[in-house]
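Sequences are here, hints too, so could you generate the full structure?
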Amino acid sequence: MNFTVLILGMAIITVLIKAIFFILGDRLVFPAWLHLALSFVPVTVLTAIITPMILSPHGKNLELHLRNPQLLASLIAVLVCLISRRQLLTIAVGLMSFFFFQWQFAG
Amino acid sequence: MLYTRNLKLSNLARGARDTVPMLVGAAPFGMIFGTLVSASPMMPWHGQLMSLSVYAGSSQFIASGLIASHTGMLVIWLTTFIVNLRHMLYAATLLPHVAHLSARWRWLLGFLLTDETFAVVAGHHQQPLNASERRYAHWYFLGSGLAMYSNWQLWTLVGLLFGTLFPGLQNMGLDYAMVATFIAIIVPQLNRLPYFAAAVAAGTFAYLLQDLPYKLGLLSAVFVGVMVGVALSRSSVTSRESI
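Residue numbers (the numbering used here), protein chains in the order written: chain A, 8 to 114; chain B, -5 to 237.
Where hints are given, some of them may not hold.
[Stated by the list, open to error] Now the stretches of chain A that chain B is said to cover, found in silico as 3 or more residues with beta-carbon under 8 angstroms: (1) 8 to 22; (2) 28 to 39; (3) 73 to 81.
[What the hints assert, rightly or not] Label pairs and their computed distance ranges (CB to CB): (4) A:Phe107 to B:Trp99: 40 to 50 angstroms; (5) A:Asp33 to B:Leu123: 17 to 27 angstroms; (6) A:His72 to B:Phe190: 16 to 26 angstroms.
Think of the hints as simulated: they come from the structure by calculation, not from any bench.
These numbers were taken from a predicted model, which means no experiment stands behind them.
Even for Gly, the Cβ is constructed at its ideal location relative to N, Cα and C.
Next up, the structure:
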């Protein structure tokens, strides 16, 4: 297989998917219901990406217990975010607790 | 003139700065991708070419797996299409913030769109922005995109050159940086019932459908979440009207 052709084809497909709405931009008028639907995209996509990473960090199995560092650290991060409303603090405390629990449970 | 230039640069820098946790999270993936390429029938420079031109992590991973199992070109292209479909949703969501820009800007920002940059830029627009922050928000977008792009090139290269030296990289949990950042972006948006319910529905379905291939589980979960959110917003509008 010609890998260069394969890769350039992938590149064209990807950039078209990513940019098509931006390019059509001014000619595209979304109806109100679509605007409403799109307003739910950030919160649903981000939650959908991280939930499996938190609940089953090793793939298949549900790890709903307190020896799951991803789960514990995420609960702490949610609390910190609710109380402090500060993004950077949330990320820092979340990451530090994650590495702490991972180190604790490693033994 | 100088003042304008400073505003552009400061928004660019802020976009890059807000993306820093994502850079940490993406680093191991870039290295693992580089390692995968070294183990596939491709030449190392093909791996870098893919990162430079395709610039979409999940589809690069899947493509190198498919190449290693000698899948045909058309199937790989079709897979790339399906795996990357979610970017259309991202673009549609961010469209109001870029529609006024020149075509050159819109191609560039479209090319630089990723899960991470979408998260950071969408989060930025959910905050109260002043007039100049709104006016130069595309520089913020560019800053986030360029930071992710150069980071991805760097770690692809490191993976291509030294990947085999760090076999335990997958298990270090560096990807948790992405989880923590996403939490910080999601939680402030959950204060209204439709958004909260949409997130719960999307998270539940993403968990249940995680074994579906080609990110189809993610797409279906987002679809269900959006439906739940829309249904609840409609019903709250109707109940308010009936009072």
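Verification of the supplied hints:
1. 8 to 22: With 13 residues closer than 8 angstroms to chain B, the region 8 to 22 of chain A meets the three-residue bar; holds.
2. 28 to 39: Check passed, 7 qualifying residues.
3. 73 to 81: Satisfied; 4 residues make the cut.
4. A:Phe107 to B:Trp99: 40 to 50 angstroms: holds (43 angstroms)
5. A:Asp33 to B:Leu123: 17 to 27 angstroms: Distance hint for Asp33 (chain A), Leu123 (chain B) holds at roughly 22 angstroms.
6. A:His72 to B:Phe190: 16 to 26 angstroms: holds (25 angstroms)
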